[in-house]
Amino acid sequence: MRHVSWTIIALLALSSLVVVATSRGEQINALWIIIAAVGTFLVAYRYYALYIGRKVMRLDPTRPTPAIYRADGLDYVATDRRVLFGHHFAAIAGAGPLVGPVLAAQMGYLPGTLWIIAGVVLAGAVQDFMVLFISMRRDGRSLGELVRLEMGPVAGTIALIGAFIIMVIILAVLALIVVRALAESPWGMFTVAATVPLAMAMGVYTRWIRPGRIGEVSILGFIGLMLAIVYGQSIAESPFWGPLFTFTPVQLCWILIGYGAVASILPVWLLLAPRDYLSTFLKIGAIAALAIGILIMAPPLQMPALTKFIDGGGPVWSGALFPFLFITIACGSVSGFHALIASGTTPKLIASETDAPLIGYGAMLMEAFVAIMALVGASILEPGLYFAMNSPAALIGTDPASAANAVTAMGFPISAETLAQTARDVGEASIISRTGGAPTLAVAMAEIFSHVAGGPAWKAFWYHFAILFEALFILTAVDAGTRAGRFMLQDLIGLAIPSFRNTTSITPGIIATMLCVGAWGFFLYQGVTDPLGGVNTLWPVFGISNQMLAAVALMLATAVLFRMKQDRYAWVTVLPTAWLLVCTVTAGGLKIFSADPAVSFLAHARLFSDAADRGEVLAPAKSMEEMQRIIFNDWVDLTLCAVFLVVVLSLLFFTIRTCLAARKSDVVLAREIQPAREATA
Amino acid sequence: MKALLAKLRETALLMVGQPSYEAYLQHMRKHHPAREPMTRLQFFRDRERARYGSGGGRCC
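Chains F and X supply the protein sequences, listed in that same order. Going by the working numbering, the letters in the first sequence line up with residues 1 to 681, in that order. Going by the working numbering, the letters in the second sequence line up with residues 1001 to 1060, in that order.
These are computed hints drawn from the structure, not numbers from a lab. It should be emphasised that the depicted structure is a prediction, and the values quoted were computed from it without experimental measurement. Idealized CB from N, CA, C, for every residue including glycine. Treat the hints with care, since some could be wrong.
To be verified - Ranges between beta-carbon positions, derived for each pair:
no.	chain 1	residue 1	chain 2	residue 2	range
1	F	T157	X	T1039	37 to 45 angstroms
2	F	T248	X	H1031	57 to 65 angstroms
3	F	I506	X	R1040	28 to 36 angstroms
4	X	L1008	F	I506	49 to 57 angstroms
5	X	P1033	F	R82	27 to 35 angstroms
6	X	E1036	F	L295	49 to 57 angstroms
7	X	E1036	F	A642	54 to 62 angstroms
8	F	G455	X	A1003	46 to 54 angstroms
9	F	L50	X	R1009	43 to 51 angstroms
10	F	W6	X	L1005	51 to 59 angstroms
11	X	R1040	F	L50	36 to 44 angstroms
As the list claims (entries may be wrong) - Here are some chain X residues the structure puts well away from chain F; computed CB gaps all over 12 angstroms:
no.	residue
12	M1001
13	K1002
14	A1023
Unchecked claim - Simulated crosslink set (EDC-like; lysine to aspartate or glutamate; CA at most 20 angstroms straight-line):
no.	chain 1	residue 1	chain 2	residue 2
15	X	K1007	F	E216
16	X	K1030	F	D72
17	F	K565	F	D666
18	X	K1030	F	D75
Given these sequences and hints, build the entire structure.
Structure follows, in structure tokens:
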């Protein structure tokens, strides 16, 4: 009897999915996608997550968690599961689930929707849940330590190196999105720049004026942010201040690199912590507002279900649906980076093992819902507008007339007047070729929010609100990520030079910080100066690396299941692992060996090298020097893809070896840390 | 209603890395009655350092 209501939900989700999947030609309402996603997620949680918890992991409600047996009131605290859900969701949800789906919309709304729904249920949420479980049974240790513990020290070190490179790529690609959103936009630039002194004032407030009052200072900060958006318009229009806040992409790139270097060595209370309050609360608030806005507006989708770009050749990113869609949407479907979070603070806070499905599986479903909203956002815009905003300037030019012509020629009719009017509506000089996903989402959010509150006159305000919301937590991530990268690097260099491990001494810290900033700065600069806009090149590399880390985490989970003698359930992790390996290895392979210069770095490098040998300068390069730079960048990206392949394939080797050894063994090999039961009384 | 607000407050604070001070005090009273617990402010600073001082966890 208790299954009746679940059956109804399942049927509702299924019929919505059928509507979404079979509509061709006529516009469908966004709510169909929302119902299909939410219904599927609820059923998946009720049946699949609990199945994994009961049968595969055999969660034991009587077994003390680290929060119980190591309770210290600080790091290890038994926490109410709803509170912990919020904590975990805030830690995993960032810019990734907002950007990937927007970029994926170039193939239409259908492929992205299906991949988000299927990917999260079968792969992403399973990964988060499994890693949380594994860490929870081992004192809440980190991913690198877990791999070392279960698969040996070499595998552990390889995983750590992989994680560091991914961190670098993530920081570069996030910073690139900020550059693309703020370049030539004095209003956006002013509001984001204003957050720095604002955060510092908040830091001073929490340090000396009213120490520790986070709620108070966050409200004051929020008022400051709103004022910055409101006055940003006058600043942008002022003949004196406007030009002072107008920067080219290259200038912004250097500003960000300088900012990253300085911000990550400032004391945390001054800038990072207060801005973290603002960005975290704004993020949660904006996501909730977006959900409510979509429900009230119930917008029809303008984007077709499928576009002609599913075979490749799209302007937003290169490559065909398989495998590139599956790496373009990483966060939201399956994100390897979550393995670092699920083995971070969360496992130390779980009060009971039976809370793990809600935290591990549930929070990831929530992130997938955010990704669905981003996809809906991109799909409610006119397709012509979407492609004018997301195509590189090298393809469509920079003025409304050329962009309208080029995009109309792609098969998505739009007038120059519409493009110019949209830019005026959102208070920008131009919205053409604003790649990176964030501006597109901001236009969509402005559309939705102004429908609910304020009307068309408020579009400009809401656009800059959305840009600020995205830029704010990206900058927080850049700052925090640089610090995290610094510690990872110190750990890694420490393997060779032990004195580097000392995290309190100043010199290793500064060297590691500079190396870290230099590394992501290099890729940022490469992306910014890339004639195709950078997102085109960097986002696939980011996607491959992130999915590769997911494959590593799922391989760890597989190895652990074998070592627990639960191998009859190993399909739960083997299936998503196999799919991710197929996608990342194919994508990585194509990025290296494909004959198409738009896809392969090697083919691209060859094309340019051959031309350079003949003394020719190929567009978009304008000089021999630029030719050489393009070739060099190609080789760097090529090497990176090769490194990813080596990392993932060598860990596959270690996983298979571990699993075979576990099958031969008669005893359970999994190294769970048994709590001393008497200490828990 | 009051309980709900308290939970929301606790959630918001934990989102930015500040666990419950009351839970900490309770833990100290129960397990280490002889030791002087940190004041609310010391606790705040300690957690601030712990969140950002060692890398911290946050996603893309």
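Structure-based check of all given hints:
1. T157/F with T1039/X: 37 to 45 angstroms: holds (42 angstroms)
2. T248/F with H1031/X: 57 to 65 angstroms: About 59 angstroms separates the Cβ atoms of T248/F and H1031/X, which means 57 to 65 angstroms holds.
3. I506/F with R1040/X: 28 to 36 angstroms: holds (31 angstroms)
4. L1008/X with I506/F: 49 to 57 angstroms: Roughly 41 angstroms apart at Cβ, these two residues miss the hinted range, so it is violated.
5. P1033/X with R82/F: 27 to 35 angstroms: Between P1033/X and R82/F, where Cβ atoms are some 30 angstroms apart, the hint holds.
6. E1036/X with L295/F: 49 to 57 angstroms: holds (52 angstroms)
7. E1036/X with A642/F: 54 to 62 angstroms: Distance hint for E1036/X, A642/F holds at roughly 56 angstroms.
8. G455/F with A1003/X: 46 to 54 angstroms: violated (39 angstroms)
9. L50/F with R1009/X: 43 to 51 angstroms: violated (30 angstroms)
10. W6/F with L1005/X: 51 to 59 angstroms: The hinted range 51 to 59 angstroms is violated for W6/F and L1005/X, with Cβ atoms some 32 angstroms apart.
11. R1040/X with L50/F: 36 to 44 angstroms: holds (39 angstroms)
12. M1001: With a cut-off of 12 angstroms, M1001/X remains clear of chain F, as the shortest Cβ separation is near 16 angstroms.
13. K1002: holds (15 angstroms)
14. A1023: violated (6 angstroms)
15. K1007/X with E216/F: Status holds; Cα separation ~17 angstroms.
16. K1030/X with D72/F: holds (11 angstroms)
17. K565/F with D666/F: holds (9 angstroms)
18. K1030/X with D75/F: holds (17 angstroms)
Hints 4, 8, 9, 10, 14, counting from the list given before, are not met by this structure.
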